[in-house]
Amino acid sequence: MSFIIANHLTRQYDLSDPWIVRMLTSNKRKQLTAVDDVSFSIDKGTTYALVGESGSGKSTIAKMVVGLLAPSAGAITFDGKMINDETISKADRQRLRRRIQMVFQSPYASLNPRWAVGDILKEPIRAFGLFDSRADQDKRVNELLDQVGLSARDANKYPHEFSGGQRQRISIARALSSQPDVIICDEPTSALDVSVQAQVLNLLKTLQKEFSLTYLFISHDLAVVSTMANKIGVLNEGKLVEEAVPSQLFAKPENPYTKMLIDAVPDFGKV
Amino acid sequence: MLAFWHRYKRNRSAVFGLVVIVLVVLMAATADFLYPFDPFRLAGKPLSAPGTNGFLLGSDSLGRDVAAGIVHGAKTSLLIGLIATLVAVFIGILFGALSGYYGGQLDNMLMRITEIFQTIPSFIFAILLVAILKPSIYSVVIAISVVSWPGVARLVRGEFLSLKSREFVQACHTLGMSDLRIMLREILPNCLSPIIVIGSLMVATAILIESGLSFLGLGDPNIMSWGFQIGAGRTMLRSAWWVCTFPGVAILITVLAINLVGEGLNDALNPRLRERN
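So the protein sequences, as listed, match chains A and B.
Under the working numbering, read the first sequence as residues 118 to 388, first letter to last.
Under the working numbering, read the second sequence as residues 11 to 287, first letter to last.
What the hints contain is simulated information worked out from the structure, not anything from laboratory work.
Every residue gets a Cβ at the ideal spot worked out from N, C-alpha and C, and that includes glycine.
One or more of the hints may lead you astray.
If we take Cβ atoms under 10 Å as the criterion, some of the chain B residues that face chain A in the derived model are [to be verified]:
{"id": "1", "residue": "F47"}
{"id": "2", "residue": "G186"}
{"id": "3", "residue": "M187"}
{"id": "4", "residue": "R195"}
{"id": "5", "residue": "E196"}
Residues of chain B clear of chain A, computed beta-carbon distances all greater than 12 Å [what the hints assert, rightly or not]:
{"id": "6", "residue": "F14"}
{"id": "7", "residue": "V34"}
{"id": "8", "residue": "L36"}
{"id": "9", "residue": "A41"}
{"id": "10", "residue": "I123"}
{"id": "11", "residue": "I134"}
{"id": "12", "residue": "I142"}
{"id": "13", "residue": "I147"}
{"id": "14", "residue": "S149"}
{"id": "15", "residue": "L173"}
{"id": "16", "residue": "E177"}
{"id": "17", "residue": "F178"}
{"id": "18", "residue": "Q180"}
{"id": "19", "residue": "A181"}
{"id": "20", "residue": "T184"}
{"id": "21", "residue": "P199"}
Make a model of the complete structure from these sequences and hints.
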């Protein structure tokens, strides 16, 4: 049973000049189609990876799934409910929000520099009303820090006191804090050192097993994707050009663009 | 906090400005103690030169003590400067935050309103407002706030625009925080430094506008102020130079000091410019 279904997802950006300029120069409206009729589905507890180069629309899809952007056309269904339905109530939307979380690309930009780590982790607990008493909230924060391999003492520190890898762990803990079913990982390791990348990826895998999480994994790095994904979708200029399980994709890629991506991965065995 | 003071201390002139401001504040605070009588009171022989007839800084054409006027006027200037700035910053944050955060039509509307205020020359607008509202300390504060908030609104809007697309603010949306909470707790604290800097400089401008209004006789007639003293003494500038000169020097020094402090705050609060020197 598919947990998340994206149906003919399309997102356009309006790049037109202001109205008055268009009137004077008789330029037409300009539309950029960042995501063009993309459909895919993700099973519960699995990882679906979207790969593609910069500007291929990966992050736009991520933002639409998490609800930060509205699709221009098409729809996303999550656990049988339409996410982007205009008619759903505020309370329902909040309930859906709780179940879909996101880990952002840059661990340096995704944590508010003025908040202590404990407060950052407590905010979703507070916003979704998960634990009422302070003691329970503090206990939960310690639990979260422990789950991502940090210590309870780190709750009083500020983001700038941590390394990139540790910050990404905080980011992951924040996403876990609302007890979600789905985590969207938008290039979670691309800003990290290679050695730290592996640690963060392993952490994500462990957490997936422990909480039977569903991941939508966005990346441009095929090496990373091959270790994480159950299924890979290749995006090129907003279109989904190929979809396959990793072994098949690497063994015999069908689309020329996929071939090009695979050939671009440095292979040190051959050097 | 200590690190902030260390950065601030590096700017010598800013420290000098701070010392001057502290002195002016002390002067204002002890006004009723230094000169317990009404500064409008006839205190002795009119047009006494500084140091004569018991007048430290001389007396004006009605025998009022210039020194007493300066000390009491300090209270007026600082109070009006501070309150008018607070009101203007409040309005500016309100407009700028809504405009930058929500964007779109609301942004368009609020910014056009801001532009209407920006296109009117501020001092003439202030004169007009005080003339309509009848001169009083309240109308002066209102006039100064009304002419000085657009700058803050513009600044805050820009900060909100750039901060709202940052990842930690985006994350807040997925974490279910309300818009108001995101604005107040996530974005606003991150743009406080430029607001503090522009606010400190606005105090200086407010004092200048207040002095200008009082000079033209549009200040509160019952409250002593530096601008009023200069206005009262300007016809006798050649025969009794001290009546205008000392309040003028007081305005100059205070405004200069506030500007130096603003500059120092800018250097200390703005990490990008911190290593400029």
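key: Numbered hints the structure breaks, given as an ascending list   = Of the numbered hints, 1, 15, 16, 17, 18, 19, 20 and 21 do not hold.
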